[in-house]
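Undergrad: Chains as they are written, first to last, in this note's numbering: chain A, 1 to 99; chain B, 100 to 242.
Hint data in this document are derived by calculation from the structure and do not stem from the laboratory. All residues carry an ideal CB built from backbone N, CA and C; glycine is no exception. Warning: the hint list may mix true and false statements.
As the list claims (entries may be wrong) - Partial pick of chain B residues on the chain A-facing surface, computed with a CB cut under 10 Å: (1) 102; (2) 104; (3) 108; (4) 121; (5) 144; (6) 147; (7) 149.
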Amino acid sequence: MVEQRSGRPVSASQQPTGTDKAGMAKKQYFRRKKMCRFCMEKVDDISYKEVRMLNAFITERGKIVPRRLSGVCAPHQKRLAQAIKQARSIALLPFSPEI
Amino acid sequence: MRIYEELFIVRPDASEEESEAFVEQIRQVIVQGGGAVDKVDKWGLRKLAYRIDRRDEGFYILIQFSCPPGAVKELERRLRVSDLVLKFLTVRIDEKLKRLEKRKKQREKRARRKPAPAAAAAPGHPVAEEMIAPAVPGQPDKE
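Pulled out of the complex, with its shape left as it was, chain B reads as follows:
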């Protein structure tokens, strides 16, 4: 199973129901391919950086899902065929997520290591005080 991110642009003149139905359709394609949809994020209407099919705006939809490698092919075919979709982009993100996880762990490890010497220094301080402390009252005792 791999984790993917699919960002695609739906025609701006498509109705809410149409895009909703299309997302549902895609969900089914993914499920049939043996995967599962994790997240659906609708960015809403956005201005395109350049014209696509004589359109200046588009409805961006982001889907995060996990599925076996082959299933993406079918999904992309569907997106290509659909007249609702202006453009799409599939990005594999499982390795990226893994890397982020690793980074996070490393950072936590480092954070844990850092307070450790600080904690060691903190008890060290009283130790130093103890060494001084007997010496100071010791002097008046002698006298």
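So that you can see chain A by itself, here it is in the shape it has in the complex:
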């Protein structure tokens, strides 16, 4: 995955943050608008059984990716979080990475 600097995963669409600390906002933020993946693919149900799909929404530390990073819409994030928590409880997903 993308390398982490501040401990927070940086999604590919967010990378070109043209912040030159030298000042002068020459480069503008160029950020593609993120769309909710579940809305686009018209996914009806987010189930705890789809481990591979859920895996895309947890970080290396096993945390749920916040929707400001993943771009998932609020209703879907709610269901997604629920599914991830259920999957964790039945050992399909880790609570934390194994050492």
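With the hints as your guide, set chain B onto chain A.
TA: Below, chain B alone, put in the same frame as chain A:
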């Protein structure tokens, strides 16, 4: 009657017969509670995301069943007591199924509505042609 989904992990060192017998036992518990088993799905041996009782693997079994609300309690008690089961998860899915059904219906409705204007447009085309058609042969007639 509610529809539930029960996913539980059986100890990996349990024999095939043991797990088979256990599933049968659970089926009886559900039937005695006034329900019925719809589906039994064995996922097989899977690696656990974390260790449970010093075990790294487990045999996942998924059961879908319908029963009155009270019967689940007894079922969960059984699962908790059994030494075969490492962990279990009960999820109520009837409302989810209802929602899915509703979504599906909506989608079909929309799909039906969409071809309808398209079909209306299709006959509309010949109508437009008819309006032009008499005009075109009409001209040579006059001449």
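Undergrad: Of all the hints numbered above, which does this structure not satisfy? Sort the numbers upward.
TA: 1, 4, 5
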